[in-house]
Amino acid sequence: MLTYLYADQLAQQTKLHNSMFTDRAWQFRQRLKWDVDVDATGFERDEYDDMNPLYAIWRKPDGTHGGSMRAMPTSGRCMVNEHFSNVAGRKISDPKIWESTRFCLSPDLGEQAGRISAALMLAGCEIGIGMGLDRAVGVFDPRMVRIYRRLGWPPEILGTTGAGRDKIYVGLWDFSQTVRHRLAQNAGVSPQISTLWFERAFGGVKTIAA
Amino acid sequence: MDQDLLAFIHRVERAETIETLFDCVKDIRRIFGVNHAIYHSIQWHGETFALATYSAEWHEYYGGEQLYLIDPVVINAFKRFHPYNWKSLDWDTRKGRKLLQDAITMGVGNQGLSFPIRGPNGELALFSVSHNADDETWQKFIEDHRADLMLIGYFFHKAARRLVISRDLGDPVALSPREMETLTLLALGLNRATIAQNLQISEHTLRGYIESSRIKLSANNTTHAVSSAMARGLISL
Numbered sequence: 001m002l003t004y005l006y007a008d009q010l011a012q013q014t015k016l017h018n019s020m021f022t023d024r025a026w027q028f029r030q031r032l033k034w035d036v037d038v039d040a041t042g043f044e045r046d047e048y049d050d051m052n053p054l055y056a057i058w059r060k061p062d063g064t065h066g067g068s069m070r071a072m073p074t075s076g077r078c079m080v081n082e083h084f085s086n087v088a089g090r091k092i093s094d095p096k097i098w099e100s101t102r103f104c105l106s107p108d109l110g111e112q113a114g115r116i117s118a119a120l121m122l123a124g125c126e127i128g129i130g131m132g133l134d135r136a137v138g139v140f141d142p143r144m145v146r147i148y149r150r151l152g153w154p155p156e157i158l159g160t161t162g163a164g165r166d167k168i169y170v171g172l173w174d175f176s177q178t179v180r181h182r183l184a185q186n187a188g189v190s191p192q193i194s195t196l197w198f199e200r201a202f203g204g205v206k207t208i209a210a
Numbered sequence: 001m002d003q004d005l006l007a008f009i010h011r012v013e014r015a016e017t018i019e020t021l022f023d024c025v026k027d028i029r030r031i032f033g034v035n036h037a038i039y040h041s042i043q044w045h046g047e048t049f050a051l052a053t054y055s056a057e058w059h060e061y062y063g064g065e066q067l068y069l070i071d072p073v074v075i076n077a078f079k080r081f082h083p084y085n086w087k088s089l090d091w092d093t094r095k096g097r098k099l100l101q102d103a104i105t106m107g108v109g110n111q112g113l114s115f116p117i118r119g120p121n122g123e124l125a126l127f128s129v130s131h132n133a134d135d136e137t138w139q140k141f142i143e144d145h146r147a148d149l150m151l152i153g154y155f156f157h158k159a160a161r162r163l164v165i166s167r168d169l170g171d172p173v174a175l176s177p178r179e180m181e182t183l184t185l186l187a188l189g190l191n192r193a194t195i196a197q198n199l200q201i202s203e204h205t206l207r208g209y210i211e212s213s214r215i216k217l218s219a220n221n222t223t224h225a226v227s228s229a230m231a232r233g234l235i236s237l
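Residue numbers (full-length UniProt numbering), protein chains in the order written: chain P, 1 to 210; chain H, 1 to 237.
If you are wondering where the hints come from, they were derived from the structure by calculation, not from laboratory data.
Keep in mind that this is a model prediction, so the values were computed, not measured.
Note that CB positions come from ideal geometry on N, CA and C, so glycine has one too.
Heads up, a few of these hints could be off.
[Unchecked claim] Straight-line distance between alpha carbons at most 25 Å, and here's what the computed DSS-like set of lysine-lysine pairs gives:
#  : chain 1 : residue 1 : chain 2 : residue 2
1  : P       : Lys33     : P       : Lys167
2  : P       : Lys60     : P       : Lys15
3  : P       : Lys15     : H       : Lys98
4  : H       : Lys158    : H       : Lys140
5  : P       : Lys91     : H       : Lys98
6  : H       : Lys79     : H       : Lys158
7  : H       : Lys79     : H       : Lys95
8  : H       : Lys87     : H       : Lys26
9  : H       : Lys140    : P       : Lys96
10 : H       : Lys26     : H       : Lys158
11 : H       : Lys79     : P       : Lys96
12 : H       : Lys95     : P       : Lys96
13 : P       : Lys167    : P       : Lys91
14 : H       : Lys26     : H       : Lys140
15 : H       : Lys87     : H       : Lys98
16 : P       : Lys96     : H       : Lys158
17 : H       : Lys87     : H       : Lys140
18 : P       : Lys96     : H       : Lys26
[To be verified] So the derived list for chain H, only partly shown, Cβ under 10 Å to chain P, looks like this:
#  : residue
19 : Phe141
20 : Glu143
21 : Lys158
With the hints as constraints, model all of the structure from the sequences given.
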C-alpha cells in the first residue's frame, strides 16, 4: 500500500524507516554509484532528510520498504535550487511546484518493480492534485527518462547537463486526472483505493468533542 | 477572479512598509468574505511578528497566555508544509478544546485554513484565514479558494522578507566587484599593502575602494563596513 509520512512520522515506524534508508544506500551508492553519504548504520541520508520532508512510500505486506520518493516545496530549501539550478538554468521558487527526489526501489522486487514504480508516481500525482499544486519538478538520469515514458507520465525537460551515463536532466510534470487514472492502472491500484490512502494520511474533518 | 488576484498580488509586491502589507492582509477579509486573516513569521532570523486582523481582546489573551505554545495550528506549521483545514488537526485535549471554545467566543471563528510557508533560508511562516461556517460550507470554501490563498501566502512571505530584511539592514546596497574583493581580503585580515599587491593596484587606489564601499554601506569605519557587507551577504569568507 501507499503511505504518506513526514520524516517525524516515519521515525515512529522503525521497520519502514530503517528499510527505506538501507534500500536507498543500496540503490544510490551500490547500484548507481552516486557520490552519496552512507552512515555507520548503513543508511543513505542527506541534509534534506533532516528538514522534515514528506515521503511517499510503498509499504510491502511485511511492513518494509518497497519503494519511495521524497517531496519538498520549492519555495523553501530544496535540492533543485541548491544543487541543480545550473541544470534548470534558473531557480524555481513557486508555492505550487514541489520537487521530487530520491526515487528509490527496494532491490528484491523482481517483476513487481514496474508496478511499484507506477504506484510511486501515482503517489506524486495524488500529492499534486490533493494539495492543489500546479507541477512537480525533479532531477533524473537517462535511465529514468525511459521509465517515465513507459509508465505513461513523461516530464517536460527543462534543462540538461553532462553526457553519456553522467547526463542529468531537470524536468517538470503536470498533474491531471487522466494521468492519475493511467498510473493507477499501471500500478494495479484502483483510483478509489489510492484516494483513500491519500485521505488517510492528510485527514478529513475530525469530530471534536465539545 | 484571476485579474483581481493578479492585481492583489501586485499590490503585495509593491508594499513599501509593513503597514501597507498589513493593509493587504486586512483586505483578505473583504476579498474572500472571511472573518479573519493572519500572516505570522514563526521561525525567522530576527524577532517573529504577526499581521493579524483578530480583535485586541483575542490578541492580548492569546499572547498573554502564550497559547501559541499549545495551539495545534501553530505547532503543525513547524512540522508540515501542506495546507490544512483546522478541523483535520488534533484538538481533543483539555487545552485544545478550551482554545477552540475561546476562539469561537472571541470571534476568531469555528473554522480555519492554514498555509505553512517554508522560505529559502530555512525560515518558516504561516498564513491562515478563519471563519464561522458549517463543515460543508467550509469544505466548499477550501475547494474554491485554496489555490489562490496558497499563492497569496507565498507573496505575503516574500514581501515580509523584503521589508523586514531591508528594515534591519537599511537600503539595499550594490558593491562593485573591486569593492567586494577589497572587503573580502580585509575580512580575511590581510593588511592594505598585501591587498594592493594581490589586486595589483596602488595603495592609493585601494584606499579609494575602501572609502567608496564605506560610504555605500553608511559605515563609520573600515571594520564596520566589512561587518555590514557580511551581514548583507555581499561578501562571504
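These are the hints, each one checked on the structure:
For the hint pairing P:Lys33 with P:Lys167, the CA-to-CA distance comes to about 14 Å; that is within 25 Å, so the pair holds. Note on P:Lys60 and P:Lys15: the hinted pairing holds, with a Cα-Cα distance of about 11 Å set against a maximum of 25 Å. Between P:Lys15 and H:Lys98 the alpha-carbon distance is near 37 Å, which puts this suggested pair outside the 25 Å criterion. Under the criterion of a C-alpha separation no larger than 25 Å, the hint pairing H:Lys158 with H:Lys140 is inconsistent with the structure, at around 28 Å.
For a cut-off of 25 Å, the pair hint linking P:Lys91 to H:Lys98 is broken: about 44 Å separates their Cα positions. At roughly 20 Å between alpha-carbon atoms, H:Lys79 and H:Lys158 fall within 25 Å of each other, so this suggested pair holds. Restraint check for H:Lys79 and H:Lys95: satisfied, since their Cα atoms lie roughly 20 Å apart, inside the 25 Å limit. Between the alpha carbons of H:Lys87 and H:Lys26 the distance comes to roughly 24 Å, so the proposed pair stays at or under 25 Å and holds.
The straight-line distance between the Cα atoms of H:Lys140 and P:Lys96 is roughly 20 Å, inside the 25 Å bound, and the hint therefore holds. Distance restraint check for H:Lys26 and H:Lys158: the Cα-Cα separation of roughly 17 Å lies within the 25 Å cut-off, and the hinted pair is therefore satisfied. Pair hint H:Lys79 plus P:Lys96 holds up; C-alpha atoms about 19 Å apart against a cutoff of 25 Å. This hinted pair does not check out: H:Lys95 and P:Lys96 have alpha carbons roughly 34 Å apart, beyond 25 Å.
Distance check on the hinted pair: P:Lys167 and P:Lys91 sit about 20 Å apart at the alpha-carbon level, within 25 Å; holds. Between H:Lys26 and H:Lys140, the direct Cα distance comes to roughly 22 Å. Compliance with the 25 Å bound is thereby established for this hinted pair. Distance hint between H:Lys87 and H:Lys98 is fulfilled; the C-alpha atoms sit about 15 Å from each other, no more than 25 Å. At most 25 Å may separate the alpha-carbon atoms for a hinted pair to count; P:Lys96 and H:Lys158 meet this at roughly 15 Å.
Simply put, H:Lys87 and H:Lys140 have alpha-carbon atoms about 14 Å apart, close enough for the 25 Å limit, and the pair holds. Annotation: proposed proximity of P:Lys96 to H:Lys26 holds, straight-line Cα distance about 24 Å (limit 25 Å). Nearest Cβ of chain P to the Cβ of H:Phe141: about 13 Å, over the 10 Å cut. The hint is violated. The interface hint given for H:Glu143 is met, as the beta carbon of that residue sits about 9 Å from the closest beta carbon of chain P, less than 10 Å.
For H:Lys158, the interface hint holds, since its Cβ comes within 10 Å of a Cβ in chain P; the closest pair sits about 9 Å apart.
This entry does not satisfy hints 3, 4, 5, 12 and 19, going by the numbered hints stated previously.
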